[in-house]
Amino acid sequence: MMDPLSAHLTNDDLDALLDRSADPAVVRHADACAECRALAGLDARVVRGLEGLPRFAPSAAFADRVMAGVAVRQAPAAAGLRLLDRLAPRRAALVAVGLVAAVSLSVVWGALNRDLLTAMGSGTLDLLGGWLWNLLRATGAALAAQPWYGPLREVSASPARLGVALTAVAMAYGAILLALRRLMALPAGPRPYANG
Amino acid sequence: MLRTATDQEVVTEARRGREAAYRELVRRYEAPVFSLIFRMVRDRELAEDLAQETFIKVLNAIGSYKPEFKFSSWVFKIANNTAIDHLRRRELDTLSIEGSPHAATPEAVEATTLQLGSPDESPLDRVVALELGGEIERAIAGLRPEYRSCIMLRHVEGRAYEEISEILGLPLGTVKTYIHRARHELRTTLQHLREE
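The listed protein sequences derive, respectively, from chains A and B. The first sequence begins at 8 in the working numbering and counts up one residue at a time. The second sequence begins at 310 in the working numbering and counts up one residue at a time.
Note that these hints are calculated values from the structure, not bench results. Glycine residues also receive a C-beta, built at the ideal position from the N, C-alpha and C atoms. Please note that the accuracy of each hint is not assured.
Unchecked claim - Pulled a few chain A residues facing chain B out of the computed Cβ check, cut under 10 Å: (1) Ala23; (2) Leu46; (3) Val54; (4) Glu58; (5) Ala70; (6) Val73; (7) Arg80; (8) Asp133; (9) Ala152; (10) Trp155.
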């Protein structure tokens, strides 16, 4: 048997009829089609029945039982929350003012203590420079001790061999990129599972 | 003053440590939260326990509530999660309007039976409302828990699709689908009302 809902008024049409916001064409169809008129009538009756259902009330001591299980927020916490509530709309402005104040204070302090800043700066630079130099030397020594360092140096000694090696590496890199692109491409045809 | 304040204002007062604000939040949401949970679990005593658990979670975490979200959405989210977690633990999906299947004594059956209708109605209105309300309550009880949450939030609590999506943490399309399917199931179950 054909479902009159799918053949005639849709669920959205029935919603619109209930809300009295239906398109005139929908209203005309509902007037003209006996099946849809009956369906809309039954729908409206069901909804009126639902809207007319009574509300139930819990027993009289319900609120007291609830309150027995509730920890009413104490005054200091409430005061802190109140302050946060008041500040909430101005939070962005407060953050901006705080940042400007911090930067201004640091500039003033820097101007007043220039000698101290210079001494601290040069000492720190010397220390950092020493660490970097030691790190470079240690890295160089470690690389030179590797077994592949000798052959690599021989290859790099000849510009022709170096060119061939670099071209081979570039081609291998390109081939890997192409393979990855093919692997990650979406299938172009329709997917059989798309419509369930 | 608290009675006329918005949810956000009451939450602000609660965060300031005013116990009266906590009680006001319970007063505002105890009936909708309890009704939602009651219709999910169909057991008054259990629904009270789960609603109590919901409010204790909400009020103890009031400091972490983000005011950019609707407070009601946050409360319903916690209530729904609490009910769904319980249903998953107990595998309590479809239940009877005539009382909890876990009720062992006649008194327990009586206590867990849904009380339908309002005391302000005339006897005839009351009979009709009880009949329709009872039919709908039975039909809701037969829905999947996910559909039940969605349909109640939409048509009993009057929440927008977008808000339900936020409350349940589901995509908007899924929420619409669940609501349409739930209404379809309710229409099918209540088909015999068509001629009335």
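Can you name, in rising order, the numbers of the hints this structure does not satisfy?
Violated hints (numbers, rising): 1, 8, 9, 10; every other hint is consistent with the structure.
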